[in-house]
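Undergrad: Quick note, the sequences are listed as chains A and B, same order.
The first sequence begins at 1 in our numbering and counts up one residue at a time.
The second sequence begins at 1001 in our numbering and counts up one residue at a time.
If you're looking for bench data, these hints aren't it; they were derived computationally from the structure.
Even glycine gets a Cβ: it sits at the ideal position worked out from N, Cα and C.
Just so you know, not all the hints are guaranteed correct.
Claimed, not checked - Quick list of the computed label-pair ranges, beta carbon to beta carbon:
#1 A:L349 with B:Q1308: 47 to 55 Å
#2 B:D1047 with A:D227: 35 to 43 Å
#3 A:Q188 with B:A1058: 55 to 63 Å
#4 A:L349 with B:K1181: 26 to 34 Å
#5 A:F118 with B:W1432: 17 to 25 Å
#6 B:I1254 with A:E337: 29 to 37 Å
#7 A:N369 with B:I1254: 56 to 64 Å
#8 A:G338 with B:G1376: 31 to 39 Å
#9 A:G264 with B:H1258: 37 to 45 Å
#10 B:P1370 with A:A283: 52 to 60 Å
#11 B:N1170 with A:D380: 41 to 49 Å
#12 B:R1075 with A:P94: 55 to 63 Å
#13 B:P1251 with A:L349: 44 to 52 Å
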Amino acid sequence: MLSRRLFLKSTALIGCSAAAHPLLSSMSFAAAPGENRLVVIILRGAMDGLDVLQPYGDPELARLRPTLAMGPAKGALDLDGFYALHPGLSALYPLWQAGELGFVPAVSTPYRDKRSHFDGQDLLEAGTGNDLPVRFRQGGWLNRLLQAMPGAISETAYSVGVEEMLILSGKAPARSWAPDAELELSPQAQLLLDHVYHEDALFRDAAAEANQIAADTMQPERRSRADAAGLGRFAATRLNGETRIASFSVAGWDSHANQPAVIGKAMTRLSDAILALREGLGANWGRTTVLAMTEFGRTARQNGSNGTDHGTGGAMLMAGGAIRGGRVIGDWPGLGEGDLYAGRDLMPLRDVRAHAAWAMAGLYGIPRNQLETSIFPGLDMGDDPRILA
Amino acid sequence: MSVSFPELAAIRLGFGLSPLMPPPETPGEVLDSVAAAAPGPDAVTLDQARETMNRHSALGRNRMDSGSEGQAEFRALNRELALIPMVELQQRLARAVDAPAGFGERLVQFWSDHFTTRSLATNTHHLRLAFIDEAIRPHLGGRFEAMLIAANTHPMMLRYLDQGRSIGPNSRAARNNPNRKMGLNENLARETIELHTLGVDAGYDQDDVRQLAELLTGLVFRPKTDELFLKNWAEPGAETVLGRSYGGEEPARIEDIHAVLTDLARHPDTARHLARKLAVHFVADEPSPALVDDLSAIWRESGGDLSQVYAVLVSHPDLAARFRQKVRQPFDYVASALRALGVPGQAILAIEPRRIRNDLGAALARMGQPWYQPVGPDGWAEPAADWITPQGLAARIEFSLKQPARLLETLPDPRDFLRTALGSTAGEALNWAVPKAESAREGVAMVLASNDFNRR
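All chains, full assembly: derive it from the sequences and hints.
TA: See the structure below:
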């Protein structure tokens, strides 16, 4: 009963938001969203792209980072003679070899200069430019993608984990769940609580979703822990069902001091999550694109505490059977004195949103015009970087 | 709904109603609770925190030499230290349920969240307690600048925001040790401006952050010594922050750091930022411009005298006008539940710390607020929707079903409990539903899980 009510509520919401959205008014809602899957991982805390994907072929790297830069000589895994993979991600190396892992070395959002995690993440998830104060940017770009997808229902998109994902918030209904929550109410208590919550939309909707998901995942063997692998496993179970878009975050990248230890733990979580997705998705991995992006990069020079401070440009990681992996896509800006942004940070050569936009165009057939005006307002997508296979 | 001042004060400004004591009658009683939240007899000092750290590192160093006995001693110490946050949670809950008007204890929550610190290892758990007892509690009712200086020069904050390792690139220490790769770390400077004072929307730039970072060099914490300022680590020369020049004397002086913090505390953007933050925390996720203006005005007029700011807040008409627009954060929720159930502080203090961890600590974590482990220096989120998520609400319902029976020998009659917990504020739907519950357990759970009880 709950499930039917939730479904009706979702359809009603879709109808509503579609009518309100000028670009969607002529769309039909008959088609199902298809088989392609998109997973967006938000790397909170500003991942040091120069450490994850080390451009050891650039002689400036060792000069700027005397203790952090490793290169193949100190255990990093050579990728192509210029870039090497940090050994903390060595569990993903087989994916590189299989063409299921790739990188873009120097991207960023339009966010510049203040280098605040919170604003940087808000902008990354909102997918907008700098022209509006942060608090006025409502909703996230994955939610606007949902609004543009014919046939999307609330089950189509999931945010996984206890953290709020702004990227999926907005008018279109989407689900969220932390794999370790539980709920046990007698049927009578549930009915009474339904009544108590009825006039309070916040409580009513949260309870309805909690009941629905708890019912779906009641069998103990399908429960998994809330660690990164657990998030990946849970996301995979949803993606094997009706879900086509999932998002979660992997935090802990803010490596101001003692970077090898800090980033090592974060990389383990990231590779655990990706490997759990791959394993859980089985054959569906071939239709899956994973994009892992962060709010900004870190300073090109290491600081006085064997760490790095907030910067600008950084790397994006891509994985999945649907990507054209086994390669680093996009140009390298260099690390020389005149190459750095503000004399301190890696120069971003491209807007990270352009890659996400081209992925969405390829996966879901969203027209370029719509991507550049409503999903990522103000974005110039530029040339196709051809990140999909 | 017209709600009386005593009920408003208890529910909105404290930890709710209690069967063991009446709610505060007047704004004066609410304001008196600020002084009652001063450091208690169990306060932890910096010296104690230092001792813990030194003992931990000595045992850690020696454990290899002294064989299995040393290993066991070190493990035992770590086990003991790991429970410190749970003992703290226990004491904080006890203070919350016993406080005649809980406003002072709520302010401890608010300010220790504004100045978020997080202890990442067992050996610094005491240090974080010392931070609250030395930097927050003594300054709850004073001028904001006093709390800012106490907090942002406290060793716990220095450690959390990496200041202890930030060294002036041209300082004597850096010049004398060219191979030690020492340098500046901007973390504390950035958060001081962005989070603790002006706010991210204010008119400052990267250069102000950098200059403040240079000015803050010299602040250090090393558990083995008493020194908290090393002039040899300080960047020489004057620094300009927001157009004003500080320092430049040789040798560098900590007074210049106090001076810049004082100016940041008195800046009008800080008044606005903090006025809004108080309004958002206590009154509404989207507070009225009038409330923010009123708080901001008294903040500026009084030079950031927090007692005067609270006085405006406590008697503001928005307290009634915006009733139930906030959702209790998990700690406030659990404290209010224990208070409504009539569990006295003494009974909470008698619980084994391990049980506190397994029952209450675990419940807080499932509700999305693991005790003193916020994700970042911006602390916990305020919006209701961040807490009443499917999993967050499921955890509150689970708590309502399980914990009352574990904490009380006999559960109250749910109909009486409805009155005790919500006074005259229970809504029609809840009044209808509670008497129809199948059992006392579910009836009590219905009250605690209700939107009426979860909102304030």
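Undergrad: Now tell me, hint by hint, if it's right for this structure.
TA: These are the hints, each one checked on the structure:
1. A:L349 with B:Q1308: 47 to 55 Å: Given about 53 Å between the Cβ atoms, the range holds.
2. B:D1047 with A:D227: 35 to 43 Å: holds, 38 Å
3. A:Q188 with B:A1058: 55 to 63 Å: holds, 59 Å
4. A:L349 with B:K1181: 26 to 34 Å: Since L349 of chain A and K1181 of chain B have Cβ atoms about 29 Å apart, the given range 26 to 34 Å holds.
5. A:F118 with B:W1432: 17 to 25 Å: Taking Cβ atoms as reference, F118 of chain A and W1432 of chain B lie about 42 Å apart, which means the hint is violated.
6. B:I1254 with A:E337: 29 to 37 Å: For I1254 of chain B and E337 of chain A the Cβ distance comes to about 36 Å; the hint holds.
7. A:N369 with B:I1254: 56 to 64 Å: Since N369 of chain A and I1254 of chain B have Cβ atoms about 59 Å apart, the given range 56 to 64 Å holds.
8. A:G338 with B:G1376: 31 to 39 Å: holds, 34 Å
9. A:G264 with B:H1258: 37 to 45 Å: holds, 38 Å
10. B:P1370 with A:A283: 52 to 60 Å: Given a distance of about 37 Å, which is not inside 52 to 60 Å, the answer is violated.
11. B:N1170 with A:D380: 41 to 49 Å: This hint holds: roughly 43 Å between Cβ atoms.
12. B:R1075 with A:P94: 55 to 63 Å: Once the Cβ atoms are compared, 38 Å apart, the range 55 to 63 Å for P94 of chain A and R1075 of chain B is violated.
13. B:P1251 with A:L349: 44 to 52 Å: holds, 45 Å
Violation of the numbered hints given earlier is confined to hints 5, 10 and 12; the remaining hints are satisfied by the structure.
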